[in-house]
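> The lines below spell out each chain.
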Amino acid sequence: MARLQEHEGKALFKIAGMPIPQGDVARTPEEARKIAEKIGKPVVIKIQIWAGGRGKAGGVKFADTPAEAEKITASLLGATIKGLLVEKVLVEEKLAIEKEYYAGIIVNAQADARCPVVMFSTEGGMDIESVPADKIALMNVDVIRGFKIYDALNLANELKVPSQYINQVARLIFGLYETFKNYGARLIEINPVVVTKEGKVLAGDCRISIDDSAVIRHPELGIEVAREASTPPTELDRIAWWVEEKDLRGTCYFAEMNNEIQDREVFGTIGYHGMGGGGAMLGVDGLNKQGMKVANFADTSGNPPASKVYRAAKMVFSQPGIDGYMLGGFMAANQEQWHHAHGVVKALREELPKRPGFPVVLLLAGNKEKESLEILREGTKDLNARIRIYGGDRVYDTEGLAAEMKEMVLEYKKEKNG
Amino acid sequence: MAILLTKTTKVVIQGITGREGSMRAKFMRRLGTNVVAGVTPGRGGEEVDGIPVYNTIKDAVKKQGLFDVTVTFIPGTGLKEAIFEALDSDIKWAVMPVERVPLYDILEMVAYGKRKGAMLLGPGSIGINSPGIGALGWLGGSVEFSNKHFVPGHVGVISRSGGQSGTLPYVIARAGLGVSTVIHVGTEPVTGMSFADILPLFQEDPETDAVAIFGEMGGSHEEEAAQLVKSGRFTKPIIIYVSGAWAPAGMKFSHASAIVERGSGSTQDKITRLRDAGIIVVDNPNEIPQRLLELKKQGKLRVK
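Top to bottom, those sequences are chains A and B. Counting with the working numbering, you get residues 1 to 418 for the letters of the first sequence. Counting with the working numbering, you get residues 1 to 304 for the letters of the second sequence.
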């Protein structure tokens with residue numbers, strides 16, 4: 001997973017020589033007490049999960065004594081906050097806050113930019129998107145030239161940061177850029193940059209997403225699944241990543257997801273096996289329009305062997321509560337489609353006998369289409385299930401196929417419940 | 001005519017001796033592309049399908065003169081070096097069918113390319129295909145598939161998806177129409193050429209009457225295209241589909257570029273802007289050939 005937790009990000013800040021509050025990670029209440037004892041003053045206890053808005057969700061608490069830190073930590077560990085299990089907390093010295101700033105770097109992909117953008121704001125502690133434009137200083141960085149310390153000074157100066165801490169603020173922004181560059185981040189933020197009553201400037205929080213493609217260069221980060229998502233990888237996500245890493249022929253992308261459908265009735269949940277990034281996304285659009293949710297997003301493409309396709313199909317089927325399976329080949333593939341046909345047939349022959357009447361829609365189009373459809377027909381003809389098989393004439397009929405799926409799902413559910 | 005690629009465009013392939021490089025070199029040649037040299041360090045003096053291989057581009061230039069375009073079959077983490085080498089050898093166009101390229105590397109090569117006045121297609125682009133002229137990358141798949149489904153005609157095609165850049169020509173051919181040039185911008189989070197860089201080329205191309213586009217959520221290709229049309233710099237009909245209306249923010253799919261972040265790049269927002277610019281946005285890609293046939297009926301799109 002390419003998103004780092006606060007304490008992991010702060011460890012990188014430390015390497016870059018950026019000041020961070022004194023503190024450490026605790027996995028048990030006793031550890032929290034020991035850290036608080038070592039700090040020797042009131043502490044803040046912050047749950048370490050990926051979600052933002054931890055404070056509002058009750059995941060940030062203060063403790064005046066080590067005993068209190070232990071008690072609070074005991075109440076936080078094991079809790080589920082924002083849908084995520086709390087397994088560790090960061091115990092840090094409580095800062096006497098004088099002022100809060102914001103510093104962040106994103107990549108602007110627009111044609112007139114295509115570069116990192118360094119952002120600084122005097123309005124720290126709030127969502128940067130709600131800060132008015134005149135309170136944000138921006139700089140598009142020419143990566144060939146690099147980012148200089150005086151660039152950071154100019155950003156801070158533009159928003160009238162007092163001279164007494166402008167050097168410290170600039171160092172922090174400069175360190176942020178170094179970390180962004182050295183670790184191949186896609187996004188990095190300190191919100192807030194804290195100016196303490198004693199006049200010290202520190203990184204109060206930290207958010208970093210490492211670019212998936214840069215993960216390979218940084219084994220020291222211990223990133224398990226190099227795929228960006230809003231939630232931690234599930235067991236199935238991990239297995240899918242393992243399949244991908246073990247066999248580099250073609251791609252096997254798999255992610256469980258919470259597919260929300262607005263403004264319409266939901267009729268069922270589909271185990272979704274798409275092909276090709278664009279085509280796979282197309283199919284989900286069609287299903288959603290027909291009031292069908294997907295349990296997952298999967299994509300096998302780039303000419304994977306049948307074994308990889310089979311594994312992807314098995315993962316799709318292993319999800320509880322699915323009402324149908326769709327092989328969404330909404331593309332005229334250049335690859336020979338019979339590898340997909342073979343892989344899927346094997347999975348269907350194992351899975352369908354466990355689920356009589358199960359709805360299945362299979363679409364394959366493009367190279368060796370005729371042969372592939374024949375494999376699908378021949379391989380599934382004796383199975384007791386609702387199976388529809390289509391080719392190139394339906395390649396863009398996403399809604400039509402979704403409508404057929406919906407009809408079968410309704411029948412299947414009625415049969416099962418009736 | 002078509003855009004960018006001609007029968008005489010002089011092509012060098014970096015990474016020509018690899019599995020992909022050698023296979024795609026043959027594919028490109030069979031489609032008529034003028035591939036004249038290849039580069040793989042340590043393999044200088046060999047040949048691939050009759051194409052001479054050099055250790056460096058500099059050496060290739062010394063023997064054969066300047067090249068118009070390089071096609072790179074290089075692993076993602078090595079691409080930056082290859083592109084700098086090409087740019088330093090005065091190559092002004094690169095086609096990069098390479099995925100998993102570290103983002104900061106992309107930013108560096110794009111910045112250097114801009115400085116050198118070069119066009120970079122990709123990374124993550126499977127390439128470009130102009131039926132009857134040739135192809136760069138692997139768009140078209142196999143010679144048989146390309147010849148059958150990429151029919152010469154007057155629709156320019158741009159896609160953000162590799163698979164769909166093969167599918168649009170397929171459904172266009174099924175509708176009895178054809179394509180001038182098909183181009184895939186690439187799936188990486190930042191690409192060197194976007195819709196707004198390609199549309200002006202189609203505007204200038206007398207063989208292109210209309211453009212069909214497969215868009216998706218994330219990035220800013222669609223917004224920039226809308227801006228271009230609004231400002232009057234592109235005046236031919238555009239028919240576009242934008243996928244991913246359902247996609248949750250912050251989740252990255254198998255296309256690295258398809259991520260909705262920081263409140264921008266949502267499909268709904270893109271559709272609003274495109275429609276506002278007067279562009280035809282279809283709800284289902286099925287409608288793309290239908291709308292093209294309507295243009296034909298109105299006399300705005302030639303068949304042959």
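Note that these hints are calculated values from the structure, not bench results. These numbers come from a predicted model, not from an experiment. Be aware that one or more of the hints could be misleading.
[Unchecked claim] Simulated restraints on C-beta separations:
1) A:TYR150 with B:GLY50: 52 to 58 Å
2) A:GLU260 with B:ASP283: 45 to 51 Å
3) B:LYS10 with A:HIS218: 53 to 59 Å
4) B:LYS26 with A:ASP134: 57 to 63 Å
5) A:PRO219 with B:GLY117: 36 to 42 Å
6) B:GLY117 with A:PRO132: 33 to 39 Å
In this text, a Cβ means the ideal position worked out from N, Cα and C, and glycines have one as well.
> All hints, please: hold or fail.
Tested hints:
no.: 1; hint: A:TYR150 with B:GLY50: 52 to 58 Å; verdict: 56 Å, holds
no.: 2; hint: A:GLU260 with B:ASP283: 45 to 51 Å; verdict: 19 Å, violated
no.: 3; hint: B:LYS10 with A:HIS218: 53 to 59 Å; verdict: 39 Å, violated
no.: 4; hint: B:LYS26 with A:ASP134: 57 to 63 Å; verdict: 58 Å, holds
no.: 5; hint: A:PRO219 with B:GLY117: 36 to 42 Å; verdict: 38 Å, holds
no.: 6; hint: B:GLY117 with A:PRO132: 33 to 39 Å; verdict: 38 Å, holds
The structure fails to meet hints 2, 3 from the earlier list, while all remaining hints are met.
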